[in-house]
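Generate the whole structure from the sequences, applying the supplied hints.
120 is the number that full-length UniProt numbering gives to position 120 of the sequence shown; each next residue is one higher, with no gaps.
Calculated from the structure, these hints are not laboratory results.
Just to be clear, a hint being listed does not mean it is correct.
As the list claims (entries may be wrong) - Pairwise CB distance ranges (calculated):
| no. | residue 1 | residue 2 | range |
| --- | --- | --- | --- |
| 1 | Leu8 | Asn112 | 28 to 34 Å |
| 2 | Glu43 | Val130 | 23 to 29 Å |
| 3 | Asn96 | Leu14 | 34 to 40 Å |
To be verified - Taking lysine to aspartate or glutamate pairs in the EDC-like style, the calculated list, with each CA pair at most 20 Å apart, reads:
| no. | residue 1 | residue 2 |
| --- | --- | --- |
| 4 | Lys84 | Glu24 |
| 5 | Lys89 | Glu119 |
| 6 | Lys89 | Asp73 |
| 7 | Lys103 | Asp73 |
| 8 | Lys103 | Glu86 |
| 9 | Lys84 | Glu35 |
| 10 | Lys57 | Glu35 |
| 11 | Lys89 | Glu24 |
| 12 | Lys44 | Asp102 |
| 13 | Lys103 | Glu119 |
| 14 | Lys114 | Glu24 |
| 15 | Lys89 | Glu40 |
| 16 | Lys44 | Glu24 |
| 17 | Lys114 | Glu35 |
| 18 | Lys89 | Glu43 |
| 19 | Lys23 | Asp102 |
| 20 | Lys114 | Glu40 |
| 21 | Lys99 | Glu40 |
C-beta: ideal position from N, C-alpha, C; glycine also.
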Amino acid sequence: MRPFFGTLLLLCGLGCIASLVSKEGRLLASGQRTEGVVEEVIEKHSRTTTDRVYDSKTGTTRYVKRGGGVTYDMMMRFTTAGGKSELTKISAMFYNVPKVGDKHPILYLASNPKVAKVESFRQLWAPMLVGLTVTTLSLGGAFWLLRRRKKPR
Numbered sequence: 001m002r003p004f005f006g007t008l009l010l011l012c013g014l015g016c017i018a019s020l021v022s023k024e025g026r027l028l029a030s031g032q033r034t035e036g037v038v039e040e041v042i043e044k045h046s047r048t049t050t051d052r053v054y055d056s057k058t059g060t061t062r063y064v065k066r067g068g069g070v071t072y073d074m075m076m077r078f079t080t081a082g083g084k085s086e087l088t089k090i091s092a093m094f095y096n097v098p099k100v101g102d103k104h105p106i107l108y109l110a111s112n113p114k115v116a117k118v119e120s121f122r123q124l125w126a127p128m129l130v131g132l133t134v135t136t137l138s139l140g141g142a143f144w145l146l147r148r149r150k151k152p153r
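Have a look at this one:
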């Protein structure tokens, strides 16, 4: 069973690397910088759950809603280096709610301006660091499991 898990972890790690390089890597390596303006904010709500909670002091049961967060997509307009105006949807995490008219630095691919992100640590580097950490742990676990298999017992 161990060889299967080692091989599976190895394939997952290699898949993560390929995904990172094809998405964030290309954008960071050859992306063009410009400034974008928020034209529309799209609010998305995640699913909430309802938990049943027993109150031992009163002997009653009540229902409490938990979870459910809000994320925002923005329709951003920016001008490419060639002077063409582009409108694209960008998902982003902010500490504050984005507003129509807000300006943000944008990084986009000249070959495909629809591939764009807000240029900030939270949008570009944080996902890549999480991905690299998961990849490193997957590859490390795979090599450890495969190496253990080859050792005599």
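Hint by hint, here is what the structure shows:
{"no.": "1", "hint": "Leu8 / Asn112: 28 to 34 Å", "result": "holds, 33 Å"}
{"no.": "2", "hint": "Glu43 / Val130: 23 to 29 Å", "result": "holds, 24 Å"}
{"no.": "3", "hint": "Asn96 / Leu14: 34 to 40 Å", "result": "holds, 38 Å"}
{"no.": "4", "hint": "Lys84 / Glu24", "result": "violated, 23 Å"}
{"no.": "5", "hint": "Lys89 / Glu119", "result": "holds, 14 Å"}
{"no.": "6", "hint": "Lys89 / Asp73", "result": "holds, 6 Å"}
{"no.": "7", "hint": "Lys103 / Asp73", "result": "holds, 14 Å"}
{"no.": "8", "hint": "Lys103 / Glu86", "result": "holds, 15 Å"}
{"no.": "9", "hint": "Lys84 / Glu35", "result": "holds, 13 Å"}
{"no.": "10", "hint": "Lys57 / Glu35", "result": "violated, 57 Å"}
{"no.": "11", "hint": "Lys89 / Glu24", "result": "holds, 16 Å"}
{"no.": "12", "hint": "Lys44 / Asp102", "result": "holds, 19 Å"}
{"no.": "13", "hint": "Lys103 / Glu119", "result": "holds, 11 Å"}
{"no.": "14", "hint": "Lys114 / Glu24", "result": "holds, 14 Å"}
{"no.": "15", "hint": "Lys89 / Glu40", "result": "holds, 9 Å"}
{"no.": "16", "hint": "Lys44 / Glu24", "result": "violated, 23 Å"}
{"no.": "17", "hint": "Lys114 / Glu35", "result": "holds, 14 Å"}
{"no.": "18", "hint": "Lys89 / Glu43", "result": "holds, 12 Å"}
{"no.": "19", "hint": "Lys23 / Asp102", "result": "violated, 25 Å"}
{"no.": "20", "hint": "Lys114 / Glu40", "result": "holds, 16 Å"}
{"no.": "21", "hint": "Lys99 / Glu40", "result": "holds, 8 Å"}
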